[in-house]
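Trainee: Sequence:
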Amino acid sequence: MDRKLTGIMPALMTAFDDTTGGISRDKTAALVKKLKAAGVHGLYVGGSSGEMVFCSVEQRMELLETVMEACGDLCVIAHTGAMTTADALRLSHHAESVGAHAISSVTPLYYKYSFREIKQYYARLCEAVSIPVILYNIPALTGTTLNADELSDLLSMDGIGGMKFTSSDFFLLNRLKQMFPDKVFYNGCDEMLLSGLSAGADGGIGTTYNFMPELMLSIYRLFREGRMGEAYAAQSLANQIIAQVVPKGVLPACKQMICFSGLDYGVCREPILPLEETAKQELYEKAWKPVENYIKHMA
1 MDRKLTGIMP
11 ALMTAFDDTT
21 GGISRDKTAA
31 LVKKLKAAGV
41 HGLYVGGSSG
51 EMVFCSVEQR
61 MELLETVMEA
71 CGDLCVIAHT
81 GAMTTADALR
91 LSHHAESVGA
101 HAISSVTPLY
111 YKYSFREIKQ
121 YYARLCEAVS
131 IPVILYNIPA
141 LTGTTLNADE
151 LSDLLSMDGI
161 GGMKFTSSDF
171 FLLNRLKQMF
181 PDKVFYNGCD
191 EMLLSGLSAG
201 ADGGIGTTYN
211 FMPELMLSIY
221 RLFREGRMGE
231 AYAAQSLANQ
241 IIAQVVPKGV
251 LPACKQMICF
261 SGLDYGVCRE
271 PILPLEETAK
281 QELYEKAWKP
291 VENYIKHMA
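So that you can map any letter, position 206 of the sequence shown is 206 in the working numbering, and since no number is skipped, the others follow by simple counting.
Calculated from the structure, these hints are not laboratory results.
Quick reminder that beta carbons are idealized off the backbone N, C-alpha and C, glycines included.
Worth double-checking, as some hints may not be accurate.
[Stated by the list, open to error] Straight-line distance between alpha carbons at most 30 Å, and here's what the computed DSSO-like set of lysine-lysine pairs gives:
(1) LYS34 <-> LYS286
(2) LYS248 <-> LYS289
(3) LYS296 <-> LYS248
[Said to hold, decoys possible] Listed next, with one range per pair, are the computed distances between beta-carbon atoms:
(4) TYR232 <-> ASP182: 21 to 31 Å
(5) THR19 <-> GLY229: 48 to 58 Å
(6) ASP87 <-> ASN147: 37 to 47 Å
(7) GLU58 <-> GLU230: 23 to 33 Å
(8) ASP169 <-> THR278: 28 to 38 Å
(9) THR85 <-> SER168: 44 to 54 Å
(10) ASN147 <-> GLU230: 32 to 42 Å
(11) LEU263 <-> ASP149: 43 to 53 Å
(12) GLU62 <-> ALA37: 33 to 43 Å
Build the full structure now, drawing on both the sequences and the hints.
Mentor: If you want it as structure tokens, here you go:
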């Protein structure tokens with residue numbers, strides 16, 4: 001297992017330019033540098049949190065190029081999943097050419113694909129690049145639930161480096177890690193990072209990491225140091241904050257939290273709507289203030 005691929009990796013959010021309608025390179029680069037300064041181990045770029053379904057292939061390439069220019073020596077996993085295999089292959093070739101350390105992809109979207117079709121899709125990605133391919137298992141969004149045998153089959157393929165595991169089935173996560181100890185596994189549910197680490201995850205990838213990287217890094221560090229009581233307390237604080245974010249819409253609320261941190265990160269693309277003013281105020285009082293207090297306490 002490549003240790004560079006382990007640790008805490010924000011699922012990077014994408015900033016858009018209100019004037020051009022394209023990617024805001026300046027704002028995105030600013031967030032990358034902010035997260036790097038906080039000490040994150042890497043970035044997961046162009047996934048669900050990056051609003052990839054709202055972006056063209058060209059915009060996704062521009063986003064990744066922006067990140068690679070700003071990230072320095074940070075590990076970068078480029079999400080290259082797309083509606084068509086052709087687009088996924090194009091994005092994958094591009095990701096390797098600009099220096100991404102690995103690519104990743106959700107299972108094929110929208111239609112109910114057979115396992116044979118899903119496996120062929122990943123085989124095509126593995127054949128296309130020489131860097132690791134990270135499976136992205138998120139049945140709640142893709143509608144595709146793969147069982148232990150199917151996931152084991154995919155993890156056995158040449159070129160598959162591991163999995164982003166966005167599910168609460170930690171029994172399954174633990175079984176897979178036991179079967180594939182040399183593969184890297186990421187916990188994908190922010191509110192269950194400590195549980196995922198306890199089940200064998202080598203790190204975490206999450207949306208809320210964009211605005212509270214210090215807290216998520218603390219959970220990871222405390223777990224690795226065996227300080228479970230403190231890790232539990234840190235996860236509990238994170239969950240109090242997440243409980244305020246989720247009901248308001250994860251993506252618009254997380255972008256607003258980034259704005260509270262001092263970086264105007266804009267809003268999501270429609271059909272996702274901006275938060276109403278009352279929601280922003282409630283989010284500030286009940287979610288941002290605890291984050292701010294935690295950062296001050298650390299200092």
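Trainee: If a hint holds in the structure, say so; if it does not, say that too.
Mentor: Consistency of the hints with the structure:
no. : hint                          : in the structure
1   : LYS34 <-> LYS286              : holds, 23 Å
2   : LYS248 <-> LYS289             : holds, 17 Å
3   : LYS296 <-> LYS248             : holds, 26 Å
4   : TYR232 <-> ASP182: 21 to 31 Å : holds, 29 Å
5   : THR19 <-> GLY229: 48 to 58 Å  : holds, 50 Å
6   : ASP87 <-> ASN147: 37 to 47 Å  : violated, 28 Å
7   : GLU58 <-> GLU230: 23 to 33 Å  : violated, 45 Å
8   : ASP169 <-> THR278: 28 to 38 Å : holds, 36 Å
9   : THR85 <-> SER168: 44 to 54 Å  : violated, 30 Å
10  : ASN147 <-> GLU230: 32 to 42 Å : holds, 36 Å
11  : LEU263 <-> ASP149: 43 to 53 Å : holds, 45 Å
12  : GLU62 <-> ALA37: 33 to 43 Å   : violated, 23 Å
Comparing the model with each earlier hint shows violations of hints 6, 7, 9, 12; every other hint is respected.
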